[in-house]
Amino acid sequence: MSEHALRHTDVSLTDGQSARWAGAMTTPMMLAVATRLAAARPAAIEIASPATLQQCVARGEDPWQRIELLRERCPGVALRAAVALLTEHGKRGVDVISTEVATLWLRELAQRGISEIVLIDPMVAIERIAPVLKEAKALGLTTIVALPVTQESTRSDDDLRAQAAALARAGATRLMLRDEAGLLTADRLTTLLPALRAGLGDMPLDLHLRCQTALGPMVALEAVRIGIDGLDTAFAPLANGASVPALGTLLKSLRMLSSETSISEQTLHAVGEADRLLAELADRHGFAPARAWVFDLAPYVHQLPGEVAAQFMHRLAALGLAHKLHAFANECARVRRDIGEPPMLAPFPRPIAEQALLHLQGTPRYAELRPGVRRILQQVHGASGAVDVRLAQRVGALPKKLAPSVASLRAAYPEASDAALVLGQICGVAPEAVPAPASPETMRYVATTPADALLAELTARAARYALLSVQGPGVAIQLQGTEA
Amino acid sequence: MLEHLKALVAAETARTGKRRTIHLTDDTLRDGQQCLWATRMRTEHMLPIAERMDRAGFLSMQAIALVQFDASVLFLNQDPFERIRLLRERITRTPMRGAVRSNLMRGFFPVADDITDLFVERQIANGIRDIAVFDALLCSDNLASSIRTARRLGANVTLGLGYNIAPGYDDALYASKAREAVERFGVQTVALGDAAGILTIDRVRTIVPALKQAIGDKRLEFNTHCLTGLGPWLAIEAAVHGADCILTAVDPLANGNSLPASQMIARNLREIGFDVIVDDRLLDEVGEYLGALAERERQPVGVPAEYEPSHYITQYAGGAMSNLESQLKLAGIADKLPAVLEEIGRVRMELGSPIMVTPYPAIVAAQAVMNVLNSERYKVVPDEVKKYVCGYFGALPLPVDANVKDRVLANGSKDVGLTPPVIAPVLPGLRQRYKSIGDDELLLRYMYGDEKIDGLAPTPTGDCFSVHHPVVDLVAGLAQRRSKARVQLSGNGFSLCAN
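Residue numbers (my numbering), protein chains in the order written: chain A, 1 to 484; chain B, 1 to 499.
Derived by calculation from the structure, the hints in this document are not laboratory data.
Ideal Cβ placement from N, Cα and C applies to all residues, glycine included.
Be careful, since some hints might not be right.
Stated by the list, open to error - Covered by chain A, per the in silico footprint, the following chain B stretches (three or more residues, Cβ under 8 Å): (1) 21 to 28; (2) 230 to 240; (3) 256 to 269.
What the hints assert, rightly or not - Residues from chain A shown here face chain B by an in silico Cβ test under 10 Å; the list is partial: (4) Cys211; (5) Arg410; (6) Ala412; (7) Glu415.
The whole structure should be built from the sequences, with the hints applied where relevant.
Rendered as structure tokens:
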């Protein structure tokens, strides 16, 4: 086992809660646990990603306020944000975030105390990545650039080494091998890591991997053994399944496997306390309990990343189609092949899964095309591989629409702040629809049981009904309107 | 990974000219419930699904072993032979498997062959068609009589080889034991058993081909558990590398401490190019029943485990560990636990690394405690340790460390002879004592005493057990009536009208 200290970054508040709790964690909940997370002394905590920005906007929360308040709660711990150059909302002209808007995004993050960014362009387009890295460096940010993992048959170790070398030349501080579908095995790692090292020189190499196949914790240990520099982890209730490996189990395993490691009882205790707090939160709000997924070969076929995998496994089960998992996986692979084998990172996997599910449910193949699939065929994010000619002809080409400049956005929305303009671009909403900061009182987390929440919501609606009656095991609520 | 597995299977199919069929042996009713429900599944719980499981296409079904005999009599007040008969009435196509634990019956020490032989005979007489034999020392002499009896009565014999992580337990050792079982006894099936789920992928890729090569066209079964979360992968790799049959449990009594899920294994094996002939629809129906049963009985279902390498290190089963802790506490030396655990590892290796299943955890731990408490190791030697070294439990798979052996023989009790005594037969005395009862009852009274057997209650038959709320069954029953007559029912807290 490698003897250097592991640099682990906590992603519980971004990928963890997106994959395990469907993004249900509110800002007050995050603020309530943040101190405990920081006490476990991660190298950094990731507190924002494109998915959490969307979640905030959909819930009426100001994501910038969340970042500011989390910064206050976590003194002395580096905070990280994920920044993606491709969007998923489908608004024309904003499928690719321009360097100018990306720079504004980075500036808003840096102003609020973010010191590290993970820059994700699934297509690894150096011409898009390099200028953004340059701007990030100018802002003093540590830049971690993502290299998506693909199956060896799609892209060999040599291909990935060449991509890694190109990203290193583009000016990143660190490189992150990003395996959102959980495809890596210990066997692959033993050939891939040395290959990447050869392409990177002295640049540190981090790993972000998910646990859809159940092998994540084992692959993570192997990665540490052969010398990965940094690893993304989450606290137990927000780890495993479609999320990343659990920090507590990883640290205990590392301590057991290596007598030289410096993992203290104090650290393990702090991790255990954070695990317990999050488990209580889950229990109180009915969020999914900590649970690993069972090993299956299907994820190697559908290759759906984190939260998309979680969402579609849930949908298959809800539709009574869980027994058709392999048929679904094969259909995902077929759709992906037909539309040019795009990389399986947002924005590509969700439309592929939607299209495959349509087919699985009996819609004749491509009788109907999901909007996201149309956009992929129209190559609005750039060209990937060869697409099915008939499908390409059917959707036709789309005249290229230039991304709006920051100046034009400011002119169009003179009342909006830059923070609102950026958010509008990332989330595909008008700047005036961006939520305003909330009062400090509403940011305070109040522990309520599901029954309390039900009662509060029923009370809020009571005026609309003459009689509201709820019966359940151990619960009987009756609200009767009175004449004014 | 998937592409590699598919390529291996495709290459085999091209070489042999046909797709290989991988069979499943069901272990829901024996090991699945043992791992997840502490063996508390009652006979009447099994009956409503027995016929569907029989039709599901399993190669065989593990019905019962010593642990099920124990739980059935001691905790459920049910006759285990009756369970075999009732299952046999419903399971008519699929051979049911019973088991013997070496020559130990349910005790700590070897017993005479006559009682073990009768145990085998009565299982077969009640409906078992396949006898699994297992000895923790891999000592085939301990199994010879059981195997002969089973063969004489026309039953299939499955030899279980327990997997062990220890120096000397290499592929060659396992291959030689498997070959010996086939050549000496003509067993039809060899099963590699990984009770603790500690096999690794790398080891599966070497040990499975080695075993298959050793036994030729005899059937190779693979049995693992999912404590590390890797069980399903191990099972798939085992099939790819030559296993003919996988032991599985029907989901949701699979995963966690239990076996890989039948449904998942079947679908994945088909996906990489094998034929698997189980009926998925029936398995899902059985799974639905088991899920409802678990809820009704407030028993857990299998939850996939998170990978943790500690399982590979301890190999000291959970039950044995809690026993040891409580014994040290009773003796007022609870603080010695870490030293005792470390010493257990040393003693185990010096004694030839026996597989840590009953009775060996207790024997090794007894010596380890003595070594920790005394200034000199092996100064005090428990009788069981001397008996073990002198071969009372059978020939040892690996030799005891020569220096340790000298000390054990020198310091052990002089009352324990260097040569194991001949074990006296049991049956003459039993038959003298119980003159007018059948052999099933005779065996049960021998194993559990008169009081427990007097208290056994017959299992309600007619498959009247239901996992649903009684009112649901009532409504479903009324719905099936042809009569259009008005039905009115009332009871405490409910009334029901149907026209």
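We went through each hint and held it up to the structure:
1. 21 to 28: The restraint on the segment 21 to 28 of chain B is violated, since only 0 of its residues have a Cβ under 8 Å from chain A and three are required.
2. 230 to 240: n = 5 at 8 Å, threshold three: holds.
3. 256 to 269: holds (count 5)
4. Cys211: Holds. Min distance 8 Å.
5. Arg410: violated (50 Å)
6. Ala412: Check failed: Cβ of Ala412(A) comes no nearer than 49 Å to chain B, outside 10 Å.
7. Glu415: violated (50 Å)
The structure does not agree with the numbered hints 1, 5, 6 and 7 stated previously, though it agrees with the rest.
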